[in-house]
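A.B. asks: Make a model of the complete structure from these sequences and hints.
Listed in order, the protein sequences are those of chains A and B. 1 is the number of the first residue of the first sequence in the working numbering; add one for each residue after it. 10001 is the number of the first residue of the second sequence in the working numbering; add one for each residue after it.
Simulated from the structure, these hints should not be mistaken for lab results. The structure presented is a predicted model; accordingly, all values stated were derived computationally and were not measured. From the three backbone atoms N, C-alpha and C, an ideal C-beta is built for every residue, glycine too. Fair warning: there could be bad hints in the mix.
Unchecked claim - To give a feel for the contact side, a few chain A residues facing chain B, derived at Cβ under 10 Å:
1) 101
2) 104
3) 902
4) 928
5) 963
6) 1008
7) 1078
Unchecked claim - Some chain A residues well away from chain B (every beta-carbon gap over 12 Å; in silico):
8) 231
9) 266
10) 268
11) 524
12) 684
13) 770
14) 810
15) 827
16) 885
17) 894
18) 939
19) 966
20) 1006
Claimed, not checked - Covered stretches of chain B (chain A as the covering partner; in silico rule of three or more C-beta atoms under 8 Å from a C-beta of chain A):
21) 10034 to 10044
22) 10146 to 10158
23) 10238 to 10248
24) 10323 to 10332
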Amino acid sequence: MSHTHDHDHDHGHEAPKASSERPLYWTTLEEYNQTPEYLARRDEEFYPDAKPQKYFDALDCGEQNPGAVDSPMQRRTFLKLGGFAAVLAAVAACERPVTKILPYVTAPEDLVPGVQNYYATTCGECAAACGIVSTNRDGRPIKLEGNKSHAVNKGSLCARAQSSLLNLYNPDRAQSPMEIDRATGKGMPIEMAKADEAIAAKLKTAPGKIVLLTPSMHGPTRARLMADMKKAFPSFEHVMYDPITTGLDAEAYRKAFGIAGAPRYMFQNAETVVLLGGDPISQGVSRVEYQRGLAERRNPNDHMSRIYSFEPVPTLSGAYADYRFRVRTDTLLFVALAIAGELGFGAGLPSVTASEAETAAEIPSGTIAKIATRLRRDAGKSLVYCESSTLSGREGRALAAVCAWINESLGNIGKTIDITGSPSNASGGSHAAMLRLIDDLKEGRVGALIFHGVNPAYTLPNREEFATAVKGVPYVVSLNLKHDETTKLANMQVPASHWLETWGDAEPQKGLFSILQPMIELPWQVRPFEASLIAFASAAGSDVFVREIPHPIDATEEVKATPMAKRPATMYEYTRETWRGMHEEYAVVGEFEQFWDSVLRLGVFDRADEVRRAALPAKPSYRAEAKREVDAPSTSKNVTAVLHPSVAHGDGESMGNPFLLELPDSLTKVAWDNYAGLSPEMAASLDVSEGDWVTISADGGASIEAPVWVWPGVDKSTVALMLGWGRTAVGDIGDGIGVDVYPLARIESDTVAFAGRKVTVTKITDGLEERNSMRKPRLGMTNPSISAALEGPKYRFANTQGHNYLGGRPIFFETTLHQLNTPEFEGHLYDHWYNGKNKNEFINAWGKEHKYAGHHWGMVIDYNACSACGACLVACQAENNIPVVGKIDIIKGREMHWIRIDRYYRGNEADPDHAFQMMLCQHCGTAPCETVCPVAATLHNDEGLNTMIYNRCVGTRYCLNNCPYKVRRFNWHQYSEFRTGFHENQKAVSPLELSLNPDVTVRTRGVMEKCTFCVHRIKRAKEKSRTRGTALLDGEMETACQTSCPGKAITFGDRNDPNSKLMSLWNDRRAHGVLSDLNTQPGIRYLALVRNRDEDVPKDYLGLHRGEHHGGSKEAEGGHGEEGDGGGKHGEDEQSNDHSRGPKSRGTAVAGQG
Amino acid sequence: MSPELFPKDAPLLSRDIRSADVTDTVLAPMGRWPGVSWYILFGIAKALMLLLFAVVGLQFVIGLGIFSITNPVGWGVYIVNFVFWVGIGHAGTLISAILFIFRQKWRTAINRSAEAMTIFAVMTAGIFPLIHVGRSWVAYWLIPYPAERLLWPNFRSPLLWDVFAVTTYLTVSLLFWYQGLIPDWATARDRAKNKIFKTIYSLLSFGWTGSVRDWNHYERGYAQFAWISAPLVLSVHSIVSFDFAVSLIPGWHTTFFPPYFVAGAVFSGFAMVVTLLVIMRKVFQMEHLITIRHLEYMNKIILTTSMLVSYAYITEFVIAWYSGHQSEQYAFYNRAFGPYGWAFWVMFICNAVIPHAFWWKSIRTSLGAMFVISIFVNIGMWFERFNIVMSLHRDFLPASWGEYIMTPYDYAITAGGFGLFFTLFLLFCRTFPTIAIGEMKTTLPNPSGTHGHGHGHGSHHEKGHHAPAAGHATPAHTGAH
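C.D. replies: Structure representation (structure tokens):
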């Protein structure tokens, strides 16, 4: 080609060319000479204007041929058209794969595709029975929210309830009845009807009583069902057993007042709270209710309560308390008795002086006196609380008795503790009943055992004894949801439905009735356990549950004359019958149908206020009885184990729920594992550190092995072990994760004791690699470096936070109530933190602030109301389709949670204060992420939201790098496909995908995501207000995290509305932005933590000095940053650095480390 | 002719070299089959390059998750490699453009290979940002093209400036390089005996005749390109530095990054040129053309730029201390003494300590010493970028701090980058005139082969010196004269 060019260049224009009229190539002389004859002939053949030769010239030489200029088809044009045609042809050949959807033949009532419906029901995750409003889309529940009309939770929900949709859609659920070989535990599917017949035949001929074993349950329909079952099977007996709720405090109050229910604690009325080993926030029977109550009294501008906590293992309540004392479990009774003595209520009880208790518990002297003074002042407005799953056995019983005694003496009954009006029904079960049942089983008194919702073969320390006893029972039926450990011991399993598939009701507190409605019915051979009982009874020939089917209204006379067909009642019918009875009993005005509709709509029928009565006097015999319960306390220096449940995992029933497994424990920030939590002192004395293995062996021979987590705040002679892990038959996700610690519990008198067992802890030095590689997480894609680390001598925990100390940074601000009210600190606290410069002010190079015309969204988070329970985190995950990434990716630092709860320690390493900071996208007014995105995929909208356009995102991750809060999350893999944690096959496991929220985009691999302030909810709220024709009301728009928060720590609202609740908090003197000195203008403000302490506060609380405490420990590094040789040193260095600059340097609240 | 920065009394090349020798030497590798050592080197380089492609393929199938990048370190070795290779790419244009403008004749021995190195380095560099994005298949969205949805990229983002800067730099460097090649292709064409090669070289040489007109155009064009390229040398790495400087991350948010990056780029670029030339002059017997003096000059520049970057390192720490901002102070404390402190000290020793050996003439003229030192500099400069990117691992909120654990894949793409670069460079060595023949002859002490005065005879003679390049093996003057 270039030769041709050369040729043209060299010769083309020099050689005399033929006239432009003359063609280069020609066939005839006529053509060459362009004779008129030729032209005429040519024009006949071609268009008159067509100049064929030029056309070819043009093709050949393009524009270089001057004669070709006016040609209709130039070479380039030809190429363009040709290329375009080729592309079109190629594109037309491409076809998207055709997928078909099936429309409804008959659409369900009230179902508009794409429009959400809301139905009220009741949470069945625990006995607290919170009210729930389920958001349903296209016939499936996609999100659970609290029912605001429900007195127990008032719209909030805990993490466990938020995650329960994944229990519903869990593919590991048993999906059809099974006939089980009791020798091997293996099941063979069997038809439901055949199973019913087989079971009924056995029940009819049961050689002994028929026992139904369930966890605590309540509600009029269930009560009626139990009564009816008794009619059907006269030997029927219902036993309730909660693995970790000992019910000892309920027992104490029952004894004291002769009541039937259990005390209901009303923390909202208490100005002084003493938690004696009690943890209402994560272990209380009604956690959400208690947490709300506590938080209601934490407003420093109003009456702020004071909370004292004595506990061996850090709990959320202890971290939330104003004073936390880490003590051995066996010294709690010392403290309780000393408080009683100091208050003058000690008569008849073993005498413990304040100093004895203080010495035993190793707490500062004067503590007991101070607490007593405070309690005396707040008599009738105080609460001494010891309800705890960890306190059990004889000691727990004694403690419960003393606490009840103190509360009764202080006149708290009826004020902060409701036992007479509307007491709780939530702790009806007891260990004693379970232990009696085992005796019955062993004695052969039980002819048939039916169980539902319990798993004693896992949750009992004497599980072998239980299993042997069960083997002796002629017939065992499991109505559990899964083919779990206990089900393997049964003859037959008829899987129960999830509570979201069930009709029924609950009565969490006396007079408060809560309805259960089914939200969905998964296409499995499962049935509500109540319906199974009805089916068994009916198949056994009982007519208690048999109902006639009425003839249709339009039936002919002939048909109507025939006898009505009969069949067992459905749960719907049975529940309605109960409520028909209640309609009469409570003399509700109006027709039953109206009442029924209103109950279904509201979800609750609240008569609690009407049943309230005056407080009962204590039974005369109570004090004498109580005295018998209480032995003189003793303490030892033995190392003891404390088995504690966590807010997420409880007794282990929902182990295997991916959301909960991935939820990092707020205190240790470890996900996907439990561990032997050792105090730094014990770790040092054993010469172990994080990831080492220890053997924990108890007196009686029980022994477990667990990896070590060095946990500041654990008592120095206590080993903390989290319950609920180490399941063996819970399904693909949950099996084999963590360490089963139940064997370390012990039977003591008639309870199971979870604390106080003497143990020996020894370091394991051999076979570490084998242990670690055995416990490697199962998943597909791994980082080979991490894989190697997982098999190394140290066990790798998936902890989401590597650093525990602030290192003197002005990030978390706290003060004390005392300090806050000193005249010296008047005005906005920021002025003190930043030496008079209010960093909330906007600094703008352009001289003017951007005005937001319509809404300007903002959020305020109140540290005082936040207990770090994690409900917001899981609510956000459920709402926003946030995937579960699994343990390996968390180790890599790739958790996808849009909210994280940062936990910092303050004070000394062994026994620090906790500071929790909920961290999410701050929706900065001048967002650093926005300017750096090359494709403008993250933008500020006109309502102040920092928006993320997933479609536009290319995935440069520059925004992530430039975000000072590091709240952006990148989809390193196609996480959406294994949202469920099923890493092995890396794809969604049906039907878990049904839990996805269609309002929120499911993000693909390679894009960035982050908190959106629930922009889809904003849109919906605005649409609603537009339809209504009025402005959006303050508080109408709530984010998912806000709705769920039990403490109501989160307030969302419009910054353009000066009267909004948000703005009143926005300008609170405690309000500040995090890192607002970077001028990011965060759209979230935090209210500084105020601890209610007496002490003259060190100035560093208000940041006037930085890092005075030098005696502190070296910075403890978490799981990350292992290999750093210098990482641990910066603390000291920086501190000395700070020191040299003296007190006039800028402030910080939380000093680095002690 | 403008005065030389370096002493001119001694000629760069031996007086015995005839211009025919230059042509022979330079074109020799193009006309024979390579030796075993070349095949071995090429095999290694190509294997590494294929490794890069394989890992990138794996990444496209599985996702970025296979790499070590994570939260908070969103950029890992990808960007380290990108900045490293862009930096390497600096020396070429600096040598060809800026030294040309300053009439540094000694550049002629090295400018061709340095420019080739530039182009290959920038090509290698360009791969990394492309593959580091989460969705490489839509990476073209960074280009401002009139999309049907009227979406434009964000012109405020330094990454976009990168796209412009790097593509401009690559285009200009490529054209500049190619223009310099045209007379040499013509020489190759005229000496080629094989028909196929003759055709290929004819195409490549664009019909170069060696006429005065040709040379006139060539000289003018070359000078123009030199002047266009010169500011690019400064702008490219300045803009690359904005990727960091424009952010607010401690350790990144630094105003002096542009000059610091340019100095570092020149530093690393020269070191890479030295590394390559020490081998190349040996393998292709070009010792008489690329002399120790050429290399010594380069080493002097390495020494100078080493001190520039050392100054920058120290300044960063001083400014961090002076800022009074905890995060800033901690970032630098952590850089030196944190988990990745070792990387800092590798960098510091390689870049700020070892090059001082060049104060001694015996060392800066010793081939072995300069080879070793240049490799140290390359290592040090890689770690400089590693250090900067690693600032991410501990920024503002201690709770969000994390770690960065390199995976085999990270090592693979890093090695693969070198593989790609050396594959291209080794191919270049065998198929291109590796020294600018025409220009080289202008520096011959005795261009015509007669023992005349080759130097400083004014522009008239200068033209003549080019003449042999026009395809005549003999030093006879051509019609162009």
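A.B. asks: All hints, please: hold or fail.
C.D. replies: Evaluated hints:
1. With its C-beta approaching chain B no nearer than about 27 Å, residue 101 of chain A sits outside the 10 Å limit, and its interface hint is violated.
2. Because the closest C-beta pair between residue 104 of chain A and chain B is about 35 Å apart, greater than 10 Å, the hint is violated.
3. At about 3 Å, the closest approach between the beta carbon of residue 902 of chain A and any beta carbon in chain B falls short of 10 Å, and the interface hint on this residue holds.
4. Evaluation of the residue 928 of chain A hint against chain B yields a held restraint, the C-beta minimum of about 5 Å falling below 10 Å.
5. The closest approach between the C-beta of residue 963 of chain A and any C-beta of chain B is roughly 9 Å, which is under the 10 Å cut-off, so the hint is satisfied.
6. Taking 10 Å as the C-beta contact cut-off toward chain B, the hint placing residue 1008 of chain A at the interface holds, the least distance being around 8 Å.
7. At about 6 Å, the closest approach between the beta carbon of residue 1078 of chain A and any beta carbon in chain B falls short of 10 Å, and the interface hint on this residue holds.
8. No Cβ of chain B comes within 12 Å of the Cβ of residue 231 of chain A; the nearest lies about 59 Å off, and the non-interface call holds.
9. With a least CB separation of 35 Å from chain B, residue 266 of chain A remains clear of the 12 Å interface cut-off, as annotated.
10. No beta-carbon of chain B comes within 12 Å of the beta-carbon of residue 268 of chain A; the shortest separation is about 31 Å.
11. At the 12 Å boundary, the C-beta of residue 524 of chain A stays outside the reach of chain B, the nearest C-beta of that chain being 33 Å off.
12. Every C-beta of chain B lies more than 12 Å from that of residue 684 of chain A, the closest at about 23 Å, which supports listing it as non-interface.
13. For residue 770 of chain A, the shortest C-beta to C-beta distance to chain B comes to about 23 Å, beyond the 12 Å cut-off, and the non-interface label holds.
14. Under the 12 Å C-beta cut-off, the non-interface status given to residue 810 of chain A relative to chain B is violated; the minimum distance is some 8 Å.
15. With a closest Cβ-Cβ approach of about 25 Å to chain B, residue 827 of chain A is found to remain outside the 12 Å limit, as its non-interface label requires.
16. Consistency note on residue 885 of chain A: stated as away from chain B, yet its beta-carbon is not over 12 Å from all of that chain's, at 9 Å minimum.
17. Not every CB of chain B is more than 12 Å from the CB of residue 894 of chain A (nearest about 5 Å), against its label as outside the interface.
18. At roughly 9 Å from the closest C-beta of chain B, the C-beta of residue 939 of chain A falls inside 12 Å, breaking its exclusion from the interface.
19. With a closest Cβ-Cβ approach of about 4 Å to chain B, residue 966 of chain A is found to fall inside the 12 Å limit, against its non-interface label.
20. Separation of residue 1006 of chain A from chain B is inadequate, the least Cβ-Cβ distance of about 3 Å not exceeding the 12 Å criterion.
21. Against chain A, the region 10034 to 10044 of chain B contributes 0 residues with a C-beta closer than 8 Å to a partner C-beta. That does not satisfy the three-residue criterion, and the hint is violated.
22. Look at the region 10146 to 10158 of chain B against chain A: 7 of its residues bring a Cβ nearer than 8 Å to a Cβ of that chain, three or more, so the hint holds.
23. Only when three residues or more bring their CB closer than 8 Å to a CB of chain A does the claim for the region 10238 to 10248 of chain B stand; here the count is 4, and the claim holds.
24. Counting residues of the region 10323 to 10332 of chain B whose beta carbon lies closer than 8 Å to any beta carbon of chain A gives 5, which reaches the threshold of three, so the coverage claim holds.
Violated hints for the displayed structure, listed by number in ascending order: 1, 2, 14, 16, 17, 18, 19, 20 and 21.
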